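> Working from the sequences, and respecting the hints, build out all of it.
Keeping their order, the protein sequence lines are chains A and B. Residue numbers for the first sequence, in the working numbering: 3 to 1126. Residue numbers for the second sequence, in the working numbering: 30 to 283.
Any given hint could turn out to be false.
Said to hold, decoys possible - Here are the in silico distance ranges between beta carbons for each label pair: (1) B:V60 - A:S208: 48 to 54 angstroms; (2) A:D268 - B:W206: 19 to 25 angstroms; (3) B:T244 - A:D624: 15 to 21 angstroms; (4) A:P121 - B:R208: 30 to 36 angstroms; (5) A:C518 - B:R208: 54 to 60 angstroms; (6) B:A43 - A:D306: 47 to 53 angstroms; (7) A:L709 - B:R208: 40 to 46 angstroms.
Said to hold, decoys possible - Some, not all, of what chain B presents toward chain A, calculated at C-beta under 7 angstroms: (8) L129; (9) Y130; (10) G131; (11) S172; (12) R173; (13) L204; (14) D205.
Note that these hints are calculated values from the structure, not bench results. Computed from a prediction, not measured in an experiment: that's the story for all the values here. The beta carbon of each residue, even a glycine, is placed where N, CA and C say it ideally should be.
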Amino acid sequence: MSVIDVLLLTHTFTSGPRPREDKQTKKHPETRMKGSPVLSLLLLCICSLYFVGLYLFMGGFLLVRLEVNRTSTCGDVLQPGQEPVDFCHTRPRFRRAVLIIIDALKIDFAQFDSSNLAPRPYENKLPVVEEITSSRPLHSRLYPFHADPPTTTMQRIKGFTTGSLPTFVDVGNNFASSAILEDNLIHQLGQIGKRVVFMGDDTWESLFPKKFYRCLPFPSFNVKDLHTVDNGILQNLYSTMTGNDWDVLVAHFLGVDHCGHRFGPDHPAMADKLTQMDGVIRSVIDRLQNDTLLVVMGDHGMTDTGDHGGESLKETDAALFLYSPVPLFPGPPSQDEPDIVPQTDLVPSLALLLGIPIPYSSVGQVLLPLFPPHDQAEVAPTGPSQLEALWINAKQVNRFLETYSSMAKDIPPPRLSQLKAEFARLSSEYLATVGAGRSPSPQLTASMQAYLTSVRETCRATWARFNPLKMAAGLVILAFACLMCYVLSELSFVLIRENARRLKAPAVVALAVGVCVAVGQLLTHGYIEVAWCLAAAALSAELLFFWSVYRTRTVHVAKNGSKPPKWTNWLTRRRLLIPPILVAFLRCASLLSDSYVIAEGRVVTFLLLSLVVYTPVHLNWDGLLLPPSYDPLKSAGLLPSPALSPSFVRKESSTLLACVGLLVGSLYLSLSFHGCREEQGYCQPSPFLTPLSRLQDSQMKNLHYALSVVSLGVWTYLLRHCLRHYGNLNSSGGAVFTARWILPLLSTCLGLHWAVSATPEDSFRNLGEMIKLAQLLLPRAAFCLLALGLFLICLDPLTVFIKTRATASARNSSLPLPRYRASTGISPQAELHHLIPQIYQRMRRSLDDNEPSVGSEVDNRPAVEAYGLGTVYSAPLLLFCGLLTLGMLLLHPEGMALSFLLLLLEMGALLHIHASATTLRGLQSTYSGGFNVPWAPIVMWSLAATQFFHATGHLPTFPSIQWSAAFVGFPDGHTGTAVPASLVTLNTFASHILFAVSCPLLLFWPLVCEARGSRGGRAAGDEGEDAVMEMRLRENPQQFSSALLQLSTRYLFILGAQVFASVSAAAILRRHLMVWKVFAPKLIFEALGFVLSSVSVVIGVTLVLRVDVAVARWFKRLIPDSSR
Amino acid sequence: MWDHEIRAMASTHAILAASVFMATVLPAVFVPGFSVYGTHLLWLYSVSAAVTVVSVAVFWLLGVTPPTKKHTLGYKLSRLFRSCLYFFLSCLFFHTLVVLYGAPLIESALETFSLAVLLTSLTTLRCLCVLGPNIQAWIRVFSRHGAMSVWDTCLQITVACTVVGAWVGAFPIPLDWDRPWQVWPVSCSLGALFGFLTGLIAAPAWIHYHRKHLTYKLTFISYLLGTFGVQLGGKDGFEATQTGRDCFVHMKAE
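Put into structure tokens, the structure is as follows:
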């Protein structure tokens, strides 16, 4: 101990002179960070602005509908007032049906214009339709077939089999598979024993798994391939038709659609394809028997460029051609035929023609001309008459409406009650008519049709229409929120200085405007639409904020005359044209292209790597990387000599370069943990993504397990070592307890859990019960430990150890002793190696100020050393993140432990790069001006968050969500949805959350690394200033809070810009082929990621503020009351 | 002020550009089936070789290459050897960098290496020609005040343009357009070459328009004297000192 004492004393001596800054600012020790509660509130306000924008846009863009998982049964369609007859066993109109779906068969393709002498490639290529409709008008009809948006194949197949209006997000029970769970034609056909044979587009197979009697799917993925699917169908179609083992035959041709995507409709290839289809229809008609109905239809149309997905007439109007060898229609085409057949109407018509119940959630209306009028019902062979069909249909629709409105509240209530009243009236009228045996009035038919139409219109308005106004409002609010973040980050110091006075007015006005709009809506419409109230509030707040900023700016300029204040030039072009911003811009721009979104993992890695490589290059460009040489001019006093020594600079730059190397290496390695999208055909998903329990090879299993456990161990060791290094493991507080005991215990739990879950179920038969119990208990124990740890950190975040030195030793030395010191190590070695006597100057000052009156007390007061004071802010944050990471690792497959180790290394490397760069820059310039974090590390941080989203095996697609996370600790499933949803969310957005929570570390790390710096610097005659590390922040509470505000607003700006780009992509490309496959999922992931990140940023900042409060209290306690 | 140099530089660059052009055209005439996309590697090598030969020849003739004090054959040979070694090391460096940036590690290693050779012949070779095999000087050149003659400024501009061109060239690779120039490494090598050509044009133009403001501080002579002469000592230091002194003399003469 004596050596240490001597060392301590010498350092005490060197730190004797009072640093200069102290003389300028004198504050009371317990001054907390100025405006600290304001900070959290402000961040919350900004986040809520973003959330309002996202909410509005999503409300206008994502069409959401609840799935009703009930099915119709044969008993539902009983006739009123009759004996119970089994509907399904009466003889149907048609025993069999052939459904030919020609993808993207636009109505223009099917129409024939004989006067057109120079047809374009897509015109007049299906003469068969015209020939048949003119020669056999009772047997056939051609209708325009109106599809509802989104006009993409999968949604359309869903539409014309369920009869409902599928939206992008059909909230059903299983989100993972795309199988249709709603009641549909295929299900009903199978239910009464019809044999459904399918051939063609393999989308059907995933939509209706195991529902077909026979299934011949062909790959539909390659849009460039015009023939595989069609030729595959043609090889089987005719032989199947002539055979006798089918009742309903579905053939889905893709050639026309692919031809449209590849060449556009106006291309000779389209003519060939349509001519081929003409031949197909002819041959099918030749082979039809009398009891068979032929339906030829397109699922959607196409634009002039051959795309589809949107809601323009060209995309929605497909062709529907009906034909039967026996007369199908009661008469030739007449005036009262429908001009256009909505796609939903096919379902009830087909159902009643084939003698099956109408699917439960169909909102279609029977195609009236297909049914015999009431007076001809006896003449017609079988099946319901027009009125009966309408009645069955209306009853079914009403039942669906009742069920749906009891589940979801998105249909406006006044409309709903109106529809219900209408049905009640119709029902009584119909029952009266049938009961009296009268022939029905035409008004009844008409009003039933009107009822059905109005139901469909209501549903469509709710589910199938973009709301451009809401989308635009959302975009504007988001854009303003981004801009506001930027302005705030530039103005942070001014704002904090005036205690955020300027921000109160917008908040109050926003509230007032929101309430006003709500009241106005209540008065005019009678109900409140929350979205618009929020929009009005958010917009008014943003505009008022900008106005006040603009006004104060002009006022400042007017006051100061010609010399504008420093912050007025915040929007100069040069400050925006720096490479970090350029990289952030490129990242945002990449979200607008589907190829880049598909390759997002690599794109982000590329950009991150570029920015990392840019850092040393830029330092070298500024001449800071290499030590400046001996300079005769400087040594002669001609130039101000900066206080840096070559060896120190060399050390810093080698640290920097080593960290760059480490970062680049871990980036490269992390590429091998990526998953694969289905669009990336060549790609192989990472082997580490498969859970251990699924590995067959036992040697491989052991290897993987060992790797995972080793990396978990290294991970825990590194974290603990870091904390120990800075002396944060010495005291006995809650946080230290967490670091010492809970952290290792948690990782042990994790390792054991992996071992248990990897055990094959049948290997230890007698231990089966125990393994099951362990599978249940170990993760739950880990969850509890995690919660306990996080709670302890929040309760007692201080990791400072106070060592009271014996007064005797102080007396022995004749030197003036510092009374408080922060050191980093407790063990002798640590003290020798990392002895950083930290003297909290401000506090000492305040003591000194009080001392003259009580001078005699000096010797009596015990000397105090505070270990870990230098990292008082960062240590709890680091620990918090560490615990969170372990918790999230628990939710991932075991192999991801390696990836999480890389994440830790990358985080550390990024922090060190940032710290070294700051130190190098700080040494050059005399005063850097506060603790501002520049753009480059912040952009790198946000890129790294996205990069690790991919490197932990996630992808922005729904099939790639790791659902197994929901069953960690709950192997038998759940009862509710909240727990599994939050587990899966934590799993999916692990890296977003981690990087956002640890964002304030960017502010602390240069100060933490200062320890290293000043020891090197002291050799160069550093005026004896101590390594005060993070205590610097306490000395300048204003700068601290402004830097914290700036950091978090900058981070929010970058995240917000990304989410804004994603939102714009969805808005601009809403007609794009890939919108529902690439952009919409990406938007949802990006938005959710943003919400979680911003909340995590607020959590991180709040934690820092919590530590600040604790530190203030600690100092208060430390200073004896007598000294005041 | 720098009229003589600018003229020399412009003509050098014209020759270089012409050599790139000839390296594309001549094989097309003589080699059957030659095309930039189809036989990309062949084109890459022909361009690299042409640029290498022409740069070495032109810079040697111009005398931009730092003169050596020692005229012994052994010293010259060692310089040549070191230049070759640096050239090869630079190829390896670029190869590693490109792989780290996401190029396939094993599958198309030859293509990646060819790109590295092209990048080396467009950037490192120029450093070798202008500064000699002296890595300290290379690092020094790429700083704000590191240029000590118009040739150094020109070097900064061309190298930056080439590297940025290759970087931008990677952008179209993930796009699903299925064009022949999206195949690895065609877009990158084309980007690098276009960047290089842009640099060839931009460097004399930029220097011409900024010739009034271009001052190469004398302090850097002393800087050099200090850095390399005092700190490093040895051959390198001596050589660098020579370079600095020569530049100084050269500027005085202007």
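> Does each hint fit the structure? Answer for all of them.
Each hint, compared with the structure:
Hint check: V60 of chain B to S208 of chain A, Cβ distance near 51 angstroms, so the stated range 48 to 54 angstroms holds. A beta carbon spacing of about 21 angstroms between D268 of chain A and W206 of chain B agrees with the range 19 to 25 angstroms that was offered as a hint. The given range of 15 to 21 angstroms is respected by T244 of chain B and D624 of chain A, whose C-beta atoms sit roughly 19 angstroms from each other. Between P121 of chain A and R208 of chain B the Cβ separation comes to about 33 angstroms, which falls inside the hinted range of 30 to 36 angstroms.
Range check, C518 of chain A to R208 of chain B: about 56 angstroms between beta-carbon atoms, so the 54 to 60 angstroms window is met. Under the hint 47 to 53 angstroms, the C-beta atoms of A43 of chain B and D306 of chain A, about 48 angstroms apart, fit the expected range. In this structure the supplied range 40 to 46 angstroms holds for L709 of chain A paired with R208 of chain B, their Cβ-Cβ distance being about 41 angstroms. Interface hint status for L129 of chain B: upheld, as the beta-carbon distance to the closest one in chain A is roughly 5 angstroms, under 7 angstroms.
Taking 7 angstroms as the C-beta cut-off, the interface hint given for Y130 of chain B holds, the closest approach to chain A being about 6 angstroms. The beta carbon of G131 of chain B comes within 5 angstroms of a beta carbon in chain A, closer than 7 angstroms, and the hint placing it at the interface holds. The closest approach between the C-beta of S172 of chain B and any C-beta of chain A is roughly 4 angstroms, which is under the 7 angstroms cut-off, so the hint is satisfied. Here the hint on R173 of chain B is kept, as its CB sits about 6 angstroms from the closest CB of chain A, short of 7 angstroms.
With a least beta-carbon distance of about 5 angstroms to chain A, the hint placing L204 of chain B at the interface is held under the 7 angstroms criterion. Nearest Cβ of chain A to the Cβ of D205 of chain B: about 5 angstroms, under the 7 angstroms cut. The hint holds.
Checked against the numbered hints above, the structure breaks none of them.
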